[in-house]
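Peer 1: Count the sequence shown with this note's numbering and you get residues 10 to 172, in order.
Everything labelled a hint here was simulated from the structure, so no lab data went into it.
Possibly wrong hints are sitting among the right ones.
[As the list claims (entries may be wrong)] Keeping only pairs whose Cα atoms sit at most 20 Å apart, straight-line, the calculated PhoX-like set for lysine-lysine is: (1) Lys110 x Lys93; (2) Lys110 x Lys136; (3) Lys57 x Lys113; (4) Lys151 x Lys136; (5) Lys113 x Lys96; (6) Lys113 x Lys136; (7) Lys96 x Lys110; (8) Lys93 x Lys80; (9) Lys80 x Lys110.
[Claimed, not checked] Derived Cβ-Cβ restraints for the label pairs, each shown as a range: (10) Asn48 x Gln16: 36 to 46 Å; (11) Pro131 x Ala67: 39 to 49 Å; (12) Arg79 x Val133: 44 to 54 Å.
A quick note: this is a predicted structure, and the numbers were derived from the prediction, not measured.
The C-beta atom is built at its ideal place from N, Cα and C for all residues, glycine as well.
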Amino acid sequence: MFHSWRQRAVLGSVVIFASLSVAQANPTEEDVFRSINQNVGSTVDVSKAIPYLLATVAIIILIALYNNYRKRQSYPRKLNHPGKLTKELCRSINLRSVELKQLKLLAEEQELEYPLTLILCPSVLGKAIRSPSVRVDRAVVKQVVQRLRQSLAGGETRNQKSE
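Let's have the full structure, built from the sequences with the hints guiding it.
Peer 2: In structure tokens, the structure reads:
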């Protein structure tokens, strides 16, 4: 068809000028109103905004959780289990298992639920020691009392030194 570059250049310039003349044509009022109607009447595609909305909500939740984590105070673990509390107390005053068994026997005779009551309340321990008992080894209980006195005396000397 068009073999020379001049023919192609002429054809290209004709196409460009023709398109420019159409683009420069002034639209009528009817065309303007029709265009406005089409733009205003078109529906908005919300599905494109959903991922951005979800990401924003997720970021807000993460920020709130982080602030809550920073403000949280750490408390020492509570020893609500009597067995754990017994082990912890035995460890702190260096009670052996034989001595703990004797305290358990004394607690049973005194109808106490926990043997720790004997350690924590000296008057109950004194009452339990004075009661006649065949099953309790008095020598072991005496060692327990001496150990409790030493731990209390050690605590008092520590408190006096810190003052």
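Peer 1: Give a verdict on every hint.
Peer 2: Hint by hint, here is what the structure shows:
Annotation: proposed proximity of Lys110 to Lys93 holds, straight-line Cα distance about 16 Å (limit 20 Å). Using a Cα cut-off of 20 Å, the hinted pair Lys110 and Lys136 holds, with the two alpha carbons roughly 18 Å apart. Between Lys57 and Lys113, the direct Cα distance comes to roughly 72 Å. Violation of the 20 Å bound is thereby established for this hinted pair. For the proposed pair Lys151 and Lys136, the alpha carbon gap of about 13 Å is at most 20 Å, so the pair holds.
Between the alpha carbons of Lys113 and Lys96 the distance comes to roughly 13 Å, so the proposed pair stays at or under 20 Å and holds. For the suggested pair Lys113 and Lys136, the alpha carbons sit about 15 Å apart, so the restraint of at most 20 Å is met. At roughly 12 Å between alpha-carbon atoms, Lys96 and Lys110 fall within 20 Å of each other, so this suggested pair holds. At roughly 30 Å between alpha-carbon atoms, Lys93 and Lys80 are farther apart than 20 Å, so this suggested pair is violated.
For the hint linking Lys80 to Lys110, the alpha-carbon distance of about 45 Å lies beyond 20 Å, and the restraint is violated. Evaluation of the 36 to 46 Å hint for Asn48 and Gln16 yields a pass: the beta carbon distance comes to about 42 Å. In this structure the hint that Pro131 and Ala67 lie 39 to 49 Å apart at CB is violated, the actual value being about 59 Å. Between Arg79 and Val133 the CB atoms are about 46 Å apart, so this pair conforms to the stated range of 44 to 54 Å.
Checked against the numbered hints above, the structure breaks hints 3, 8, 9 and 11 and satisfies the rest.
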